[in-house]
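Trainee: Chains as they are written, first to last, in the numbering used here: chain A, 1 to 362; chain B, 1 to 257; chain C, 1 to 293.
It is possible that some hints are incorrect.
[Said to hold, decoys possible] Here are the simulated DSSO-like cross-link-like pairs (lysine-lysine), alpha carbons at most 27 Å apart as the crow flies:
1. Lys90/B <-> Lys143/C
2. Lys7/C <-> Lys221/B
3. Lys90/B <-> Lys78/C
4. Lys261/A <-> Lys275/A
5. Lys167/A <-> Lys209/A
6. Lys181/A <-> Lys153/A
7. Lys284/A <-> Lys261/A
8. Lys181/A <-> Lys209/A
[To be verified] Derived list of chain A stretches under chain B, where covered just means 3 residues or more per stretch with a C-beta under 8 Å from a C-beta of chain B:
9. 92-102
10. 269-281
Because the hints were derived from the structure by calculation, they are not lab data.
Glycine is no exception: its CB is placed at the ideal position from the N, C-alpha and C atoms.
Residue strings, one per chain:
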Amino acid sequence: MALLEIRNVTRRFGDFVAVDGVSLSIGAGEFFTLLGPSGCGKTTLLRMIAGFDAPDGGAILLDGQDMTGVPPEARDIHTVFQSYALFPHMTVADNIAFPLRMAKCPPGEIPARVEEALDDVSLPGMGKRFPNELSGGQRQRVAVARALINRPKLLLLDEPLAALDAKLRERMQLELITLQKEIGITFVYVTHDQEEALALSHRIAVMNKGKVEQLDEPAKIYGFPKNRFVADFIGECNLFDCTVAAHDAGGLDLAIEGLGKVRSAGAENVVQGAKGTLALRPEKVAIGRELNAADCVNRFHGKVFDYLYTGDVTLYIVEVEGGQRVEVMLPNNAVGRSSKFFEPGDAVQIGWRDDAGHYLHD
Amino acid sequence: MARRSWILWAMAALGYAFLYVPLIIVIVYSFNDSRLNAEWVGFTWHWYEVLLKDEQMLTAAWNSLIIGVSASAVATVLGTMAGYAMYRFKLRLLPVLVLMPIAIPEILMGVSLLIFFVMLNVTLGMLSITLAHIAFCIGFVAIVVRSRLTGMDESLTEAARDLGATHWQAFRLITLPLIMPGIIAGALMAFTLSIDDFVITFFTAGVDATTLPLQIYSMIKIAVTPEVNAVSTLLMLVTLILIVIASRLSPGALRGE
Amino acid sequence: MNARAQKWLVSGPPLVYLLFFFAIPTLIMVVASFRFPGDYDPLAPIFGTGNPDEVAGLTLESYQRFFADPIYLELFLKSFLYATATTLLCLLLAYPLALMIARSPKRYRDILVLLVILPFWSNFLIRVYAWMIILGEQSVFAKGFNGFLGLFGLDPMPLLFTPLAVLIGLVYVHLPFMVLPLYANLEKHDPALLDAAQDLGAPAWQRFWRITFPLSLPGVYAGAALVFIPALGIFAIPDLLGGTDGILIGNLIKQQFLEARDWPFGGVLSMVLTAAAIGFAGIAAWFARRQRV
């Protein structure tokens, strides 16, 4: 049985539907992420799980129990807030002890448990400090320690890494993964950062305009986006409007304006003449002066229109003979080469395998 | 640029001088060994001695103290409630009632309370003054408390609830300690306002009760005497101490932010 | 405990207190302005007037009296002029002060602001009294000033108990009310705006006139309202610093309530003062709202 069951939950603010009939089921021990742009309803959903907001329709069940009308303090769910919400007038130790005191834990046990919790987040001996004496990363760890100390069934994390710089964020991501594995508590994580979501989660729900667009494992979300929104939101992606020219057991022939005929892997329920989108990740497109025919079914001549050098990779924009522009990503890993291969105006050939692209129904 | 900022500083220095020189003159003359506030004759404590023997003045000071303490105590409780209510809930009437007494000319509140007390057959005196002072102090306390609350991260109380605290526990353990400096600052402000108030007291005092400002008024109405300088100096000292404490506790509070 | 009960529990007590000791007295004053003065009391009893000719005991008599004699409207006009002059002078003095504080290093700002507020927290009467000393006939300052006039062969002139003394007192007492909102506004200005203007070729004066001043207008309106409204109703300053003909509308109100004991007429004057104050606050708010910054 699922630990957290969200059944057809809806939340309206006046005319605005923040969460629109969302159903999710999250299993025990899972690291689950709600991913989406700001205003997609992910934070509203999180606040309803925590109990700060109530659904207008539907139900939220924790361990099979309906949470309707249960106040936040009575739910076995804790939250790590985006601002961390550490109580500024209490020491780190008092902050961490707060949930124990609220739960009427015997006072004698508290210091040992607080010290243990500080060890868990590698902040030993920091108990006497006040929150304003800590760095951003330390505050984040205290917030996590505080939320985990009395082992809730579920931990909610509301963009907990948003306030940290890029380097620290990466380290905290690793720490969160390790911590979650060790204690085995279910995490529900909210973020708008797709890389973070891909790196951390067992499963991701991509949300947009109050609805779940796709619910899958990170690799599936990235490799097989269900629709245009997901393909566009997660990573870089070429999106070509196309028409199905023919289909057979081996795959599809797609007609794309400005590009021509493209062979693509098959999809279910395709009919001839259907309109759709071809999603093609730039890193799956090969580029060269002349490509080897065996590798790529789809090959096009064109010239480099512009490029974007980003250190580890270079993103080329290639204008093919038909006029369509295609983004191509090339790793800068060739030894002894200068960092870029092609200049704007260079004649090149690009190509990709038939299973590189991904046909999406409209 | 440098030249222009020099002019700006000079103008600002003049502004500060305009604010402070008159008060310094009052203080200096309180130590002048002369009946007239004119030439400097010599240093003396004489006027402070006169002050301490002036029965009327001492009674007035005592009355001011009693009114100030009781008015600020009640106004702090009611003002804190009002400030919290204005922060926490969407209210229409309360913010208007809280801010109006501060916004309109004081004399209007003075005369309307005069009519009110007389109609209710409340004898004008200590009680009517105190009730009037509470009414105009509530607003000041409420503003300070609300500004303190607005500066507070709202997720703090949510975090407390999330970690198992009830509404009341979250208020007692998180909100109250965090806004306490604002409440104390508000209380000190209310006390100072009450001690200093002249206009509203003037209309609600009747014939029997005299406060320090009323006593000062009746003295300077007749003649300028260095005894007034002495009492003014002491009053300024008390106010200064209270206000410095209040501003330490709640920076920005006195600016009505 | 539900949210509704909580709301009333917290907001109820202050609400009741202010209704009782602010709203109701104000309403009574409104009613009183439509009443007759009593034969022996300043106000005829509101219930059971015993005079069947009166419609519910209400009359416009006091309002008619106010508008019949131009002396009252003139007094209002005079108070209006004093308040306007006070507001303008305060603006002139407060602007450099506020600007200097806003442009000084952050760590000094709080103390500089506190220095502006401190005199405001000293007793109002003491601040007026200080000017009685300075402008008094025997004061060093007045003697020096008249000696200076003497150098040009001019007759000595009295300073205390003149319109000038009243104006000085009004400006002195209300100055902090202008400095604070101005400062609060100026402090928020992005210094990059001035750098940008300079970068684009604006000289110092243009930078002030085209960037700083227009952006500070909401502060100016707020300060104007905070100075003008209390200045309009003041009675103690003309009482102490003004001459025998120096009275303003506040003095007349005080006189009606405490000396003439004609409460309905005092009520009328108070109503007109209230209307003027609310009207001015409304105008200031309207101007401030039109400003989209």
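Trainee: Identify every previously stated hint that the structure contradicts and give their numbers, smallest first.
Mentor: Failing hints, ascending: 1, 2, 3, 5, 8, 10.
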